[in-house]
Amino acid sequence: MRNIFTSLFIILLLAGCSSSTKLLQKGEYDAAIDKSIKKLLKDADNPKEINILDRAYKLANERDRNVIEELKLSGQPDVWEDAFRRYSNLRNRQERVSRLPRE
0 MRNIFTSLFI ILLLAGCSSS TKLLQKGEYD AAIDKSIKKL LKDADNPKEI
50 NILDRAYKLA NERDRNVIEE LKLSGQPDVW EDAFRRYSNL RNRQERVSRL
100 PRE
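For the sequence shown, numbering that gives the first Met the number 0 assigns the number 0 to the initial residue and increments by one for each residue that follows.
When the alpha-carbon atoms are kept at most 20 Å apart in a straight line, the in silico DMTMM-like pairs for lysine to aspartate or glutamate are as follows:
1. K57 / D29
2. K57 / E94
3. K37 / E27
4. K47 / E27
5. K47 / D33
6. K38 / D53
7. K38 / E27
8. K57 / E69
9. K41 / E94
Simulated DEER-style distance windows between Cβ atoms:
10. I49 / N91: 15 to 25 Å
11. K47 / S73: 33 to 43 Å
12. Q24 / N45: 13 to 23 Å
13. L58 / E94: 16 to 26 Å
14. S18 / R95: 14 to 24 Å
15. S73 / K37: 30 to 40 Å
16. G74 / S18: 34 to 44 Å
Bear in mind the hints are in silico, worked out from the structure with no lab data behind them.
The model shown is predicted, which means the values in this text are computed figures rather than measured ones.
Beta carbons are placed, not taken as given, at the ideal position from N, Cα and C, and that holds for glycine.
Build out the structure end to end from the sequences listed, making use of the hints.
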């Protein structure tokens, strides 16, 4: 039983150590944004993280805007909850990035 908990702990620890680059490559844009923000709060002049944040932010917003446009064009009446969620994602992303120190 102890081995199971130890193995589970190690797996969770390694999963939490994903780099922002790997998250970006896997298409996990919001997780990459969060990881980059966390690193930039410690070192605001990190050019690698600034680049990753910029790319992840643009790709995440593009993805959400494309989905919103597809939902609107579908003409289905039940798409507005998902569209609202996507708009909320856009707003929340902007709020998270706006907390970073400015140059």
